[in-house]
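Engineer: One-letter residues, chain by chain:
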Amino acid sequence: MQIEIRGLRKVYPGGVTALDGIDLTIPPGVFGLLGPNGSGKTTLMRILATLLEPSAGEAYVDGHDVRHDKAAIRRMLGYMPQEFGFYPSLTVYETLDYFGLLCRINDPSERRSRVEQSLGRANLDEVAGRRVSTLSGGMKQRLGIAQALLNDPSVLIVDEPTAGLDPEERMRLRNLLVELAAGRIVILSTHIVSDISVTAERLAILDRGRVLFAGPVAELLAPLEGRTWIIDIGEEELGQIREQYFVTGVFRSATGMQVRVIADEMADSRGYSAAPTLDDAYVTTMKQEARLDDVA
Amino acid sequence: MTWPELRASAAMIRREHQLACRSAAFWAMVALGSLLVLWRATVPGTSAALAAYQTRQTIVLGVGVVAIFLGGAAARDRRYAVSELVLAKPWGSSPALVVTRFLGVCFSLLGATAIMLLVSGVGQAVLGGTPWRPGPYVVALLVSAIPIGLATALGFSLATLFTTPLASGIAALYWVVIPLTRAHLPMAFDVTLWQDWPKSLLLGAALVSLTAALYARSARREGGSGRRAGWTAALLFAAALAAVLVVTARGDDGLLEPDPVLSAMASQVAVEDRGAPGFWLTDSEGRLVGLSDFRGGPVVLAFWGPGAPHSARALTLLDEVAGEFQQQGLACIAVLLDRDAAAMRLFGGEGEDGVLLLWDRGRHFGDGMEWSDSPLAVSYGVTAVPTAFLIDQKGTLVAGLHGESNLHRLRPAILRLLGER
Chain L
1 MQIEIRGLRK VYPGGVTALD GIDLTIPPGV FGLLGPNGSG KTTLMRILAT
51 LLEPSAGEAY VDGHDVRHDK AAIRRMLGYM PQEFGFYPSL TVYETLDYFG
101 LLCRINDPSE RRSRVEQSLG RANLDEVAGR RVSTLSGGMK QRLGIAQALL
151 NDPSVLIVDE PTAGLDPEER MRLRNLLVEL AAGRIVILST HIVSDISVTA
201 ERLAILDRGR VLFAGPVAEL LAPLEGRTWI IDIGEEELGQ IREQYFVTGV
251 FRSATGMQVR VIADEMADSR GYSAAPTLDD AYVTTMKQEA RLDDVA
Chain Y
297 MTWPELRASA AMIRREHQLA CRSAAFWAMV ALGSLLVLWR ATVPGTSAAL
347 AAYQTRQTIV LGVGVVAIFL GGAAARDRRY AVSELVLAKP WGSSPALVVT
397 RFLGVCFSLL GATAIMLLVS GVGQAVLGGT PWRPGPYVVA LLVSAIPIGL
447 ATALGFSLAT LFTTPLASGI AALYWVVIPL TRAHLPMAFD VTLWQDWPKS
497 LLLGAALVSL TAALYARSAR REGGSGRRAG WTAALLFAAA LAAVLVVTAR
547 GDDGLLEPDP VLSAMASQVA VEDRGAPGFW LTDSEGRLVG LSDFRGGPVV
597 LAFWGPGAPH SARALTLLDE VAGEFQQQGL ACIAVLLDRD AAAMRLFGGE
647 GEDGVLLLWD RGRHFGDGME WSDSPLAVSY GVTAVPTAFL IDQKGTLVAG
697 LHGESNLHRL RPAILRLLGE R
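Residue numbers (this note's numbering), protein chains in the order written: chain L, 1 to 296; chain Y, 297 to 717.
Isolated chain L, as found in the complex (with noise of 0.2 Å):
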């Protein structure tokens, strides 16, 4: 099973064009979205939820066309949109009812198990009777992962799951997404490199409607293998660093600042290699493409 994209447009009414030509094959695992707001994301997986038509191009869910198969993806696929609620006076336990039956969930004491089984998985049962108007921000995302599990999805889409969530109900979600990701597909968007850097293995950066990099997350970092620094400065050497390096990070440490840098060589004595993480991948494409723009 996988997710296959091919020429992906979407240009709206008002001719802004959210997607330029994607290009992507998504197979099972926690696939990451990443990129900058506005970069097309939600528009990519509103068009994969079967809730957007493109403008052309080709998309195929485990070989169902978003056209025109609509019916048969949304019976395999979970979504939870960036933005949602639940009608607050129903509690957790019938908001989940709900959303069982338009899963067309009809047999009564399946759907009540497959409720308790959602209810579980997000760690909802001990609020089951609770109104959703009574719930926490973290509680409320969990109820939205709760619902899209409801009918057992190959394809789960979660869109910016962990915006406005305190730590431990980040990492919570985290784990829980990459719990669900055995045996189907997890698409992951968001513009927090963390949440995917913890989750994913695969990911696609995204920068104004196209596809800047697609892959394992590995292959997003072997070009920086060896080329990633850290160098402990004083605060007054930071503008000077800047100058003279690639900086993708900045971070407060005991004796002072601590930079981190892409570079081919270090010539700075204080600077020592360190293994290239995410923000260094993510920072450096982004970088690549706004210099790629300034020469065109």
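Derived by calculation from the structure, the hints in this document are not laboratory data.
Hints should not be assumed to be uniformly reliable.
Chain Y is nowhere near these chain L residues, computed Cβ spacing over 12 Å in every case [unchecked claim]:
(1) V11
(2) N175
(3) V178
(4) L212
(5) G239
(6) R242
(7) Q288
Listing some non-contacts, in silico: residues in chain L with all C-beta distances to chain Y over 12 Å [as the list claims (entries may be wrong)]:
(8) T17
(9) P27
(10) G29
(11) P36
(12) G57
(13) M76
(14) L90
(15) L101
(16) E126
(17) M139
(18) L177
(19) A214
(20) S253
(21) Y272
(22) M286
Cβ-to-Cβ under 10 Å is the rule here; a few derived chain L residues that face chain Y [to be verified]:
(23) H68
(24) K70
(25) Y79
(26) P81
(27) Y87
(28) Y98
(29) R104
(30) D107
(31) A148
(32) I157
(33) A263
Heads up, the beta-carbon is just placed ideally off N, CA and C, and yes, glycines get one too.
Following the hints, complete the assembly by docking chain Y onto the known chain L.
Structural biologist: Below, chain Y without anything else, positioned relative to chain L:
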């Protein structure tokens, strides 16, 4: 549809019902409506039928407006940002879902109607001091179902298609303005009348079907265009309503569907000592009854209307008169003046065996009439209710007693007429 699918649809209706009746607005509406109907039902002497009639009038207007605001499932989904979750589900854009949601809201509003009728019944029996009978309340619930369903269909369709509560507001304005307007042209658009139930049922079914067909497309529409569509609809509606009201104000709005029988009935003139204007009116079973059916015996023809509750007392007087002069062959006819046939359904079982209840079936008729738009009332020159006429064995109009204060003269007039014979 298979049995599990039917059960799932019933479960969905239950959930929709929960969604509607867990809102504060819903219970505020029930509380306010209950107070209103209680206030009217506890007036001493109010019969079960009158209480049920008044409750029905209140409910159709009040619940109709609330139905319109509760109606739009898509507008509600947008308000709570649930649209995308719903649409991504296998059943999320199904026409069957739209129908199920519509039925769920209807079910809630009929529940509210039942509560208000119960409150009215208890008030009437305990504080009104008249015998409680379940019949009129059950009938009131039944004859309210279609107008309420249609109100819900109106609001549901507009709000679902335009995905904005503004559209519901438009429907609510229609619901309030049209039934309250007594002129001919707007009344032709009154969809609350019981006799028009086939038209209302068709209109409601057509609206819901259209909504079901267009739902998925409209629900996906971006908020901006939804709002634009809502505003466009609002402006078009306001323009149409203004045009109707301007025509009405000029006084040149004619009958949309002139009825030669009604026109002929209304063209007669009642003059004492001349032949009484004839009629063909329907009884509570829908059968046509004419004055000629009573040739050979004296007839009391009384006009009354539940819109003027005190006039219902004429029924009590007629009951007494009918019992008293039954042996002498006196026929007592109570003509109910109301443009809504629902009144006949409610009061049909009210009279005793001796009084025949007929409905002056004219509508869109009799400009300036206070109580009804009824051709027979026009021909008899009825300007106030209750009014009674005495017709002799030959069909001659013997006496006309206009207004409640003159009704005490009815018995002496009958005695005089019978004495002459």
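Engineer: Each hint needs a verdict: does it hold in this structure or not?
Structural biologist: Quick rundown of the hints versus the structure:
1. The Cβ of V11 (chain L) sits about 14 Å from the closest Cβ of chain Y, beyond the 12 Å cut-off, so the non-interface label holds.
2. Residue placement check: N175 (chain L) keeps its beta carbon more than 12 Å from all beta carbons of chain Y (closest about 23 Å).
3. Listed as a non-interface residue, V178 (chain L) keeps its Cβ farther than 12 Å from every Cβ of chain Y; the least gap is roughly 23 Å.
4. Distance to chain Y confirms L212 (chain L) as a non-interface residue, since its nearest Cβ pair spans about 27 Å, more than 12 Å.
5. No Cβ of chain Y approaches the Cβ of G239 (chain L) within 12 Å, the least distance being about 45 Å, so the stated non-interface status holds.
6. Taking the minimum C-beta to C-beta distance to chain Y, about 42 Å, the non-interface status of R242 (chain L) holds against the 12 Å cut.
7. Listed as outside the interface, Q288 (chain L) is consistent with that label: its C-beta sits roughly 34 Å from the nearest C-beta of chain Y, beyond the 12 Å cut-off.
8. No beta-carbon of chain Y comes within 12 Å of the beta-carbon of T17 (chain L); the shortest separation is about 17 Å.
9. Annotated as non-interface, P27 (chain L) keeps its C-beta farther than 12 Å from every C-beta of chain Y; the closest such distance is 22 Å.
10. The beta carbon of G29 (chain L) sits about 22 Å from the closest Cβ of chain Y, which is more than 12 Å, so the claim that it is off the interface holds.
11. Consistency note on P36 (chain L): stated as away from chain Y, and its beta-carbon is indeed over 12 Å from all of that chain's, at 22 Å minimum.
12. Non-interface status of G57 (chain L) relative to chain Y is upheld: no Cβ of that chain comes within 12 Å, the nearest being about 20 Å off.
13. Under the 12 Å C-beta cut-off, the non-interface status given to M76 (chain L) relative to chain Y is violated; the minimum distance is some 9 Å.
14. For L90 (chain L), the non-interface assignment is contradicted: its Cβ lies about 7 Å from the closest Cβ of chain Y, within the 12 Å cut-off.
15. With 12 Å as the threshold on Cβ separation, the claim that L101 (chain L) sits away from chain Y is violated: the shortest Cβ distance comes to roughly 5 Å.
16. In this structure E126 (chain L) is separated from chain Y by more than 12 Å, as the shortest Cβ-Cβ distance comes to about 22 Å.
17. Look at M139 (chain L): its CB is around 16 Å from the nearest CB on chain Y, clear of 12 Å, so calling it non-interface holds up.
18. Here L177 (chain L) stays apart from chain Y, with its beta-carbon at least about 18 Å from theirs, past the 12 Å limit.
19. Distance check for A214 (chain L) against chain Y: the nearest CB is about 24 Å away, which clears 12 Å, and the non-interface claim stands.
20. Non-interface call for S253 (chain L) relative to chain Y: holds, since the shortest CB-CB distance, roughly 43 Å, exceeds 12 Å.
21. The beta carbon of Y272 (chain L) is kept farther than 12 Å from every beta carbon of chain Y, the shortest such distance being approximately 48 Å.
22. Remark: the non-interface label on M286 (chain L) is consistent with the geometry, its nearest Cβ contact in chain Y lying 28 Å away (cut-off 12 Å).
23. Because the beta carbon of H68 (chain L) sits about 15 Å from the nearest beta carbon in chain Y, more than 10 Å, this interface hint is broken.
24. Interface restraint check: K70 (chain L) against chain Y, minimum CB-CB distance 8 Å, threshold 10 Å, status holds.
25. The interface hint given for Y79 (chain L) is met, as the beta carbon of that residue sits about 4 Å from the closest beta carbon of chain Y, less than 10 Å.
26. Look at P81 (chain L): its Cβ gets to within about 4 Å of chain Y, closer than 10 Å, so that hint holds up.
27. Proximity of Y87 (chain L) to chain Y holds as hinted, the smallest CB-CB distance being about 6 Å (cut-off 10 Å).
28. Taking 10 Å as the C-beta cut-off, the interface hint given for Y98 (chain L) holds, the closest approach to chain Y being about 5 Å.
29. Residue-level restraint check for R104 (chain L) holds (minimum Cβ-Cβ distance to chain Y is 5 Å; threshold 10 Å).
30. The beta carbon of D107 (chain L) is positioned within 10 Å of a beta carbon in chain Y (closest approach about 6 Å), and the interface hint is therefore held.
31. Interface restraint check: A148 (chain L) against chain Y, minimum CB-CB distance 8 Å, threshold 10 Å, status holds.
32. Hint status for I157 (chain L): holds, given a least beta-carbon distance of 9 Å to chain Y, under 10 Å.
33. Residue-level restraint check for A263 (chain L) is violated (minimum Cβ-Cβ distance to chain Y is 45 Å; threshold 10 Å).
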